[in-house]
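Trainee: The residues making up each chain are set out below.
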Amino acid sequence: MSTHAGGYSADPRIRRIEWLPWIVALAAFFLLPEYLSLGARILIYILYALSLDLIVGYAGIITLGHSAYFGLGAYVAGILAAKAGVTDPMVQLAAAAAAGALLGLLTGAIILRTRALTLLMLTLAITSVLLEIANKASSLTGGADGLSGVVIAPILGLFRFDIYGKTAYLYCLLVLLIGWFLVRKIIYSPFGTSLTGVRENSLRMHAIGAPVYWRLVLVYTLSATVAGVAGGLITQTNQFVGLNVLSFESAGELLVMLILGGVGRIYGAFVGPVVYLVAQDLLAKQFPEYWYFGIGTMLVLVVMFARGGILGILDGLIARMRRKA
Amino acid sequence: MNPVLETRALCKSFGALTVADRIDFRLEPGARHALIGPNGAGKTTFVNMLTGVLPPSSGRIVLGGEDITALGQAKRVKRGLGRTFQINALFRRLSVLDNVALAVAERLGVAPKMLRAANAHTDVRGEGMELLATLGLAEDAGQRILDLPYGKQRLVEIAIALGLKPRVLLLDEPAAGVPSLESHRILQVLDKLPKDIAIVIIEHDMDLVFRFAQRITVLVQGEVLVEGTPDEIGKDRRVHQVYLGEQRHA
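Heads up: the sequence lines are chains Z and G, in that order.
Counting from 1 along the first sequence, just add 214 to a position and that's the residue number in our numbering.
Counting from 1 along the second sequence, just add 309 to a position and that's the residue number in our numbering.
Hints are computed from structural coordinates only; laboratory data are not their basis.
Don't take every hint at face value.
Label pairs and their calculated CB-CB ranges [stated by the list, open to error]:
hint, chain 1, residue 1, chain 2, residue 2, range
1, G, Asp432, Z, Val365, 49 to 59 Å
2, Z, Leu234, G, Met423, 18 to 28 Å
3, Z, Leu234, G, Phe323, 56 to 66 Å
4, G, Glu439, Z, Thr328, 35 to 45 Å
5, G, Arg402, Z, Thr328, 18 to 28 Å
6, G, Glu439, Z, Ile228, 29 to 39 Å
7, Z, Asp495, G, Arg402, 46 to 56 Å
8, G, Phe323, Z, Tyr427, 21 to 31 Å
9, Z, Ile324, G, Ser489, 42 to 52 Å
10, Z, Ile228, G, Lys384, 35 to 45 Å
11, Z, Ile324, G, His513, 54 to 64 Å
12, G, Arg369, Z, Glu463, 35 to 45 Å
Here the structure is a predicted model, which is why all the values come from computation and not from measurement.
Yeah, the Cβ is synthetic: ideal placement off N, Cα and C, and Gly gets one too.
Whenever a hint applies, use it, and build me the whole structure from the sequences.
Mentor: Written as structure tokens, this is what we have:
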């Protein structure tokens, strides 16, 4: 797969291997019909992880609070569906995106003036504040009991969400395809290259006249928008919103998925959620009490022996084979 | 001739410690000017004030007739003030070409664009390659900085600054850490820099300073001790006492 670093020499054309995830996703739709609800959840987490990769992997913004935007998107879609009678999934998704964008812009403009540990703590604080608001505003959010009664109308008035999860799966796949295309476009653009410049050396970016702060605010807003869409999708597929969408654990889990797959590689955001959520599903069935032990072991191994994540291991193997050939 | 860069009574203090004391400095268009002084003389502080990294405690900085004292770093760069760093400040995991292209793209206003791919901006890539060719780095364009010898990394430092097409270029110890056998390469590059760029060089390598500079300013403890031609500085007894020791008497 190799890294997708963008840059002025990088060929932005989609390589053949980049169609592999989509072929696998379509094959799963036909071959594993009993796992479509897990599949839809994986697709949503891939989109969510892509939004995180944009800021962590490419812009170098470290965060433990990305669930704030995901959770807000989830609640906005849920409240519209359950309380305001807005049942059109497209409108819900647009509102979730707008809410994520707005919160991303407002919070990004404040927290991105700081760096390192201060920034990390502020991202944590934002998601904690939102969690508490959602908890207290129970008349709107359902509080600790969660928000039920989420009604989703057929997509474009044609495709009803069915109990087998077929519509949800294809719908999530389509939204992910659009999200992937946009994120990929950003990464290969001059803007994306300037983000990697900021990640590599913000001091030098200042010295070449780049408005570093505004670039970071912009990418943070874009990332929050995508996370908001992912949040909207989770509400639409679950038809329920719980407080866990805003939890620190959710943000931490996402970061673990991204590290597992490989940070700053686009497709690490694909591999990580697949491995993590499938492992979680299998381990939880086999060892209901100890399944987290398996996830933890996997993460420790990756962090200790494969800093580039699973894709980093694959890159290493491919490079070794090429050298031998 | 009107100076392209001028400071008037520029001061910087950290509490009771004064690191720059009423520095008056004039740089003519196209000048080759060296700033020398012992360690701790305030040279890098002076450059940091010029470029907007540090705000001066008092005094004024004038670039091309415009008071830029209150402007941020980015705006000073846009007005033609470029710099290099004493310790390499490169984009280490990016290619040599991307290092230069980032600067070119900022200057051309391409950097914030998202709709077209970076490699479709052939003007940026072309100018980057041209610049690398003039510095003898064309063959290394695709190499990551991490994989580049240190001497060449110092040249990339200069290439990035040149990508901004500055009116004034501040070179902070361009030969720092470069083995003496390779420093002639740096000097060759400096000699070939466009004549319309006014250059201020901070350097400890006195051979390089005296071969390159037309004028030299000596800073000591944050104050200008003396300014003059290389000949005048070489003969100045005070300079020998505080900085050069006896090496030029020999």
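Trainee: Next, verify each hint and record whether it holds.
Mentor: We went through each hint and held it up to the structure:
Between Asp432(G) and Val365(Z) the beta carbons are some 53 Å apart, a value that agrees with the proposed interval 49 to 59 Å. Taking the beta carbon of each, Leu234(Z) and Met423(G) are about 26 Å apart, inside 18 to 28 Å as hinted. Look at Leu234(Z) against Phe323(G): about 57 Å separates their beta carbons, and that is inside 56 to 66 Å. Judged by the Cβ atoms, the range 35 to 45 Å given for Glu439(G) and Thr328(Z) holds: they are separated by roughly 39 Å.
At about 24 Å, the beta-carbon gap between Arg402(G) and Thr328(Z) stays in the expected band of 18 to 28 Å. A C-beta distance of roughly 30 Å is found between Glu439(G) and Ile228(Z), which places it inside the suggested range of 29 to 39 Å. Taking the beta carbon of each, Asp495(Z) and Arg402(G) are about 36 Å apart, not inside 46 to 56 Å as hinted. Between Phe323(G) and Tyr427(Z) the beta carbons are some 25 Å apart, a value that agrees with the proposed interval 21 to 31 Å.
Evaluation of the 42 to 52 Å hint for Ile324(Z) and Ser489(G) yields a pass: the beta carbon distance comes to about 50 Å. Between Ile228(Z) and Lys384(G) the beta carbons are some 39 Å apart, a value that agrees with the proposed interval 35 to 45 Å. Against the hinted window of 54 to 64 Å, the Cβ-Cβ separation of Ile324(Z) and His513(G) comes to about 43 Å, which falls outside the hint. Between Arg369(G) and Glu463(Z) the beta carbons are some 55 Å apart, a value that contradicts the proposed interval 35 to 45 Å.
Checked against the numbered hints given earlier, this structure breaks hints 7, 11, 12; the rest are met.
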